[in-house]
Amino acid sequence: MIEIQDVVKEYRMGPTTVTALASVSLYIAQGEFVAIVGPSGSGKSTLMNIIGCLDTPDDGSYRLAGEEVAELDASELAEVRNLRIGFVFQVFNLLPRATALENVALPLVYRGVGAGRRQRRAEEMLERVGLADRMDHLPSELSGGQRQRVAIARALIGSPSVILADEPTGALDTTTGREIMELFEELHTEGVTVVLVTHELELAEGTNRTIRLRDGMVQPAAAPPAPQGQNAHQQSAVAPEGQPRPLALGQEGRV
Amino acid sequence: MRLAANLIMLWENIAMSFRSIFSSKGRAFLTALGVMIGVASVITLTGLGQGARAQVEEDLTRLGANLLIVYSGEPTTSTQLVRPRTTRIRPTLTEEDLAAIKALPENQVVLTAAESTLEGQLKFENRNMAATVVGTEPAYPEIRNFQPAYGSFFTASDAEHRRNVVAIGAEVYRTLFPDGRDPIGQSIRINGHAFRVTGVMEEKGSPTQDASVLIPLSTYRRRLSGEDSFAMINVQASSLEVMYELQERIEQELLGLRRLPSMDLANFYVANQMDVIGAATGVADTFTLMLAGIAAISLIVGGIGIMNIMLVSVTERTREIGIRMALGARASHLMTQFLTEAVLLSAGGGLIGIAAGYALSWALQHFAGLASAISPEAVIMAFSFALATGLFFGGYPAYRASRLDPIEALRYE
Ligand SMILES: Nc1ncnc2c1ncn2[C@@H]1O[C@H](COP(=O)(O)OP(=O)(O)OP(=O)(O)O)[C@@H](O)[C@H]1O
Ligand SMILES: [Mg+2]
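From first to last, the protein sequence lines stand for chains P and E. Each residue of the first sequence is one higher than the last, beginning at 1 in the numbering used here. Each residue of the second sequence is one higher than the last, beginning at 256 in the numbering used here.
Just so you know, the hints here were simulated from the structure itself, not pulled from any lab data. As the structure is a prediction and not an experimental result, all values here were calculated from the model. Incorrect hints may appear among the rest.
Unchecked claim - Partial chain P-side listing against chain E, Cβ under 10 Å, derived: (1) Asn-49; (2) Asp-55; (3) Ile-85.
Beta carbons are placed, not taken as given, at the ideal position from N, Cα and C, and that holds for glycine.
Could you build all of it, start to finish, from the sequences and the hints given here?
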């Protein structure tokens, strides 16, 4: 599903160069539930942006569902984001002047889905995350946990192959954070690929697999230090659940 | 499918723009205010310009329709149709000239009236006044659109028998008959000769006409001037279209009679109402164009206002743009979203401006007495220009929005 090979990302700041990703290789199979952890500044968000096609690597290869992303132009990247990716952000990123329902329906606008179908589908999604009674509320009228549910409903509406969540519980208290995690677990059991960035190791333990980043590199996973040269790709090739399950939401609803 | 998706997007853009405009009405109003004022001033000012033109045209046709006047004297380049009194110019037009003009085909010449004038002294009972004495022919009222208001003008039979009859101007009537007596049948003296009053001419508001008396040309020659030639010939052409052709023919005929090769040496010239209308309306048109230009500049300033606020709006909504991009909006989607907003703003400003323009013109007409003629073309032009302004000045902010980097936009505080 997600194949990343020797991906490099650098930021040039005047004379100095900040290496956000030194050389990252990893593989995430369809249907996996993966946590990415690492210290602040280790490149987690940078990696997520690349996986989500918001950014492109400076070097290396990234294949999403077999397609080389580096070869896509800006408008094709937008299309990939629209069709295959669902983003959940730490700060929710809802449109402040749009209702919950309108926020959830937004990705379908860029697919050219008519208003009626958009609304029905958005209602389904909001029911799905337990917000059937908050559809016409503005984000400012919702609690943090509810806002994040709206954001998840929005990420789900396009039936993406991958849900990318960058510290989705970072702005929430522990209880609410746990509820959100349960929602992700539920999605996972339904077959959606979920990639999650988190600081909290406790949350990471709830996933199938944890990828550790440090200084823009993937750290070996096993407790006994892995021999040098063994890279992440080989590690994750032994996918935990074997055959990925077909996506539950993936087929219907695509336009 | 593709078309349907595009239509949905367009509709969605319009709905989004409306929402964004209505969420900050005051600001939207101020943004569109420049365009509003621009459109209103284009409409009002061109309306005034065209109103002035219509006024000039009406004033000129009031002198008589399709009028050519053959004058004695050196040709001038003046654009006036009716000269100040020609009493001091030696009359050079003859019976032969008049006959030649009368002989022109009927589909060109409808009526003619030769005319001579002199300064005379009027006397009735113990009242005296100086007045212009016009000797002319019975067709004169028709050609010059100068009719008797009371009584009648002299007739062909009066002219034939050289009767001493006179139609007097309104001012003359007021001076000689201050008691408001019925003047018809009264005898007044013109340079010592007794004339019977047959009518009072309508008031034209022009002293030369209102303070004049009109008598048959035949009588005028016999009793007053003793000259055979006359000062001018009024000619009514059959239509505006034939006027230049007719002028040319009259000049040729009269040059032929004088055995002259060209108008350079002629002792007569022809004033053409078309020329005068053309010159006057040309001035009015230049005036209109200048006003429209000034108004268009204010419209452009309005467009810059839109650009200004749209740039602010794009900056303010950077995060929104980032979110939309993350959810799959393409550059073209954002471009159209912001363009639609700019165009809607300018269209709204334009519509209000049209209403304001009409209201202002109405007020100027009713309270300031100015002539105003708003043409649909001016309205359509002003509105299209407003739309184009929105499109043009909204283009740069929209381009800026579409070129944002999604990650930086999402990170924007
Ligand atoms: N736009 C940018 N310009 C310059 N440097 C950047 C930019 N984005 C990221 N970096 C740098 O790249 C490195 C990785 O950043 P990134 O945001 O991926 O870290 P992170 O692992 O997500 O950290 P955190 O846990 O604090 O969110 C950091 O050193 C950061 O300073
Ligand atoms: Mg981060």
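Each hint, compared with the structure:
1. Asn-49: Status holds, d = 6 Å.
2. Asp-55: Result: holds, 6 Å to nearest chain E Cβ.
3. Ile-85: Status holds, d = 8 Å.
When held up to the earlier numbered hints, the structure conflicts with none and fits them all.
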